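Participant: Sequence:
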Amino acid sequence: MKAADLLGLNRNTLRKKIRELGVSVYRSSRTA
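Just so we're aligned, residue 3 is where the sequence shown starts under the working numbering, counting upward by one.
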């Protein structure tokens, strides 16, 4: 596995986690 591929994977997973976090924060702020 190349370092570039590893970086790409990490970036994709990070983006997904950030999106999920943002959605949860958005929902909680909407209800609060």
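Please note that a few of the clues may not be correct.
[To be verified] Using C-beta positions, here's what the derived DEER-type ranges look like:
1) Leu8 - Ser30: 31 to 39 Å
2) Asp7 - Val27: 38 to 46 Å
3) Thr33 - Asn12: 38 to 46 Å
4) Ala5 - Thr33: 25 to 33 Å
5) Gly10 - Arg32: 41 to 49 Å
6) Lys4 - Thr33: 38 to 46 Å
7) Ala5 - Ser26: 41 to 49 Å
8) Arg29 - Leu8: 27 to 35 Å
9) Gly10 - Ser30: 28 to 36 Å
10) Tyr28 - Leu8: 27 to 35 Å
Because the hints were derived from the structure by calculation, they are not lab data. Since we're looking at a predicted model, the values are computed, not measured. Backbone N, C-alpha and C fix where the C-beta goes; we use that ideal spot for every residue, glycine too.
Participant: Against this structure, judge whether each hint is valid.
Facilitator: Each hint, compared with the structure:
no., hint, verdict
1, Leu8 - Ser30: 31 to 39 Å, "33 Å, holds"
2, Asp7 - Val27: 38 to 46 Å, "30 Å, violated"
3, Thr33 - Asn12: 38 to 46 Å, "32 Å, violated"
4, Ala5 - Thr33: 25 to 33 Å, "42 Å, violated"
5, Gly10 - Arg32: 41 to 49 Å, "33 Å, violated"
6, Lys4 - Thr33: 38 to 46 Å, "44 Å, holds"
7, Ala5 - Ser26: 41 to 49 Å, "31 Å, violated"
8, Arg29 - Leu8: 27 to 35 Å, "32 Å, holds"
9, Gly10 - Ser30: 28 to 36 Å, "31 Å, holds"
10, Tyr28 - Leu8: 27 to 35 Å, "30 Å, holds"
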